[in-house]
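Trainee: Below, each chain spelled out in residue letters.
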Amino acid sequence: MFETLVSLSGLSALLTLIGILVVAFAFYTHGMSFSNSSGLVIFDRGGLNHRESMDASKDSSAWKNLDISTRTPVIYCLFMACFWLLIGSIAGLIASIKLHEPDFLISEAALTFGRMRTFHLNAVAYGWLSLGVIGIATWLMPRLVHAPIPFSRLIFFGGLSWNVALTFGLASILLGYSEGVEWLEFPFWVDLIIALSGALIAVPVLISIIRSKVRHLYVSVWYILASLLWFPILFFIGNLPHIHEGVEHALVNWWFAHNVLGLWFTPMSIGIAYYIIPKIIGRPIYSYNLSFLGFWTLAIFYSNVGVHHLIGGPVPQYVVTISIVMSMMMLIPVISVAINHHMTAFRHLGAVRDMLPLRFVVMGAMMYTLASVQGSLHSLRALSRITHFTHYTVSHAHLGAYGFASFILFGACYFVIPKVLQTNWPYRRLISLHFWLALIGIAIYVIFLGIGGWLQGVKMLDANASFMESVLVTIPYLKARSFGGLLLTIGHMVFMIHFILILKRFVDKKKGKSS
Amino acid sequence: MNKVLVAVGAVIIVLCSGVVLVVTPYFSILRQTEPQSVPLGEADPAIARGRAAYVDLGCVYCHSQQPRDKSFGPDFARGWGYQPKAQDYTGQRPHQLGTMRTGPDLFNIGDRNPSLQWNLMHLYAPRIMVPWSIMPAYPFLFEEKAEPGPDDVVLVFDWIGVETEPPIVASQKALDLVRYLQSLKQKEEQNVQPGT
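Residue numbers (this note's numbering), protein chains in the order written: chain A, -6 to 508; chain B, 4 to 199.
Only chain A is shown next, with the shape it has when bound in the complex (with noise of 0.2 Å):
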């Protein structure tokens, strides 16, 4: 048996070594190949050295036709995005308040504390996070493959049945028929709804990019496609029911747990940035052999860090070592990206001062870099050590979850629905607000309660000090934390409230045309 243990972790060791090889040597050889004009295969004739306007009406008619084709998919998972957003922002909000005012709202089972914080997760992750990416990156792949996507359909009816899956699920949490598994809480037969509504959605895309005769594919589509692939496969393994049971269940949790965050939704955000970034500038990626580099070692890296959250726990030592020295070398396609999107950026920061959905987008690239640093740090062990157990986690997940991953969707939101509807917003100064009520709301939330996190941290463990310390150190903070979370709520009101103006305003422009 130990034979067997020890072959098979060399294996794997040997495995993800052969797989930096060849990620070297690729590099090596195809890295002199790879000019930076391979970066260029996003723009046309005329968007070269031109800023993409938000006025949808002044793109060339090929990009209004790609665009159009995908109205109806695109339109109905942003709309339930922004919808799952909302109510789970609402959620996430009552239950931050229960964490200072713990008498508050104690009447029902369903609004207790444990469910209310399950339920937003839950509809973040899986309503606002999922069905936001998924329909960025259906308008996003005819872009890259230029052609519509076959089959479109298929997207629309997977985000329906994700949606009603999403319902149920969701219910089911707040009438207590949850898995009791932090991310996997749905019951078996809503994740077996959610994992075929996915392949719906994934085929029609999967199919365009095997189709597609463009002479090179786009950094962004190496990104969707594998987050694609990736996704399923995370998600059917993490939910397979009866096979785990205590420490090994733990183990699958947070190889799951974290490989959502890091095989979908990083992956997913990073491509989208890397081509509504460069797009909205007008001028390529600074590096495009970087992004090679960045992509590879991503999915490397990020697939072997989950177990850092089981740290000092009764799990096999190893494990947690490996996903520290893998949490450490994060930090390789962290930079590669960063130096991408910040010094495409920052060459022209007038774009993003004037653009406001590239603020939104240069904003969450940022917090990326922010929030994967301080993720590599605090997966050591000293560090951790502290953190581990405390708010402070939620913090960070908030900057990666939030000040990351729903920035760049915000910002890819207010970038693609005019052009899907071809219909320009209607309020500019609404998409304002909505910037500086998140940015100001998200800082109050992570740096208030990575504080109140730290403390609460330093508090446990000092031995002369009691458990009672540790919670009462951390109420102001939780306060905060409720005030930030407030704004992001309002934020996302604004959001919605834009979002149900431009469909007005689309419908009735219709209606005028036909009339």
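In short, the hints are calculated from the structure, not lab data.
Honestly, I wouldn't trust all of these hints.
[As the list claims (entries may be wrong)] Within a straight-line C-alpha distance of at most 25 Å, the following computed DSS-like cross-link-like pairs (lysine-lysine) qualify:
#1 K452/A x K51/A
#2 K502/A x K51/A
#3 K206/A x K73/B
#4 K57/A x K206/A
#5 K73/B x K452/A
#6 K452/A x K57/A
#7 K57/A x K497/A
#8 K272/A x K73/B
#9 K57/A x K502/A
Note that the coordinates shown come from a computational prediction; the quantities given were computed from them, not determined experimentally.
Model the placement of chain B on the given structure of chain A, informed by the hints.
Mentor: Structure of chain B alone, referenced to chain A:
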């Protein structure tokens, strides 16, 4: 770059990570755990029902069940117990190790606080028992009954000078939940042999 390479490489990488983080530890944990304990639930259905209540109310989001080693923190000094081993969790599905300590670790709560009345009153109104607590109250696990039957467990508030009229009676779910909490005890032999 070749799309087939991206697709195949991506799948191989994620499967590799599954081997490293899930499959290999699975075997190494199997080596440690001898099938020794009676699977949970077969021993006492009330405990199993209580555990289900613990899961559906989401207790795990504030309470861990994994005290850390003495070298890692003062968990032992707080009475939370020795660091457990993988075998202490045999048969537990879903696992409830937890990653938050908004409240204290509960791995050893049955030893620390075995009183039925204390636990029931704490669930009903946490701040009566622990003034600084931020735990939510669970009044929906209790009911007011003008004339409690002989089997009903009535909350006894007299000793803190609180009169409740009509009397408050614990539901079966509350009793099961406390039964589960009472069952959370570190096994004897491990008190002699501290965790690794």
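Trainee: Would you mind marking each hint as holding or not holding in the structure?
Mentor: So, going through the hints one by one against the coordinates:
| no. | hint | verdict |
| --- | --- | --- |
| 1 | K452/A x K51/A | violated (58 Å) |
| 2 | K502/A x K51/A | holds (17 Å) |
| 3 | K206/A x K73/B | violated (61 Å) |
| 4 | K57/A x K206/A | holds (20 Å) |
| 5 | K73/B x K452/A | holds (16 Å) |
| 6 | K452/A x K57/A | violated (58 Å) |
| 7 | K57/A x K497/A | holds (20 Å) |
| 8 | K272/A x K73/B | violated (55 Å) |
| 9 | K57/A x K502/A | holds (17 Å) |
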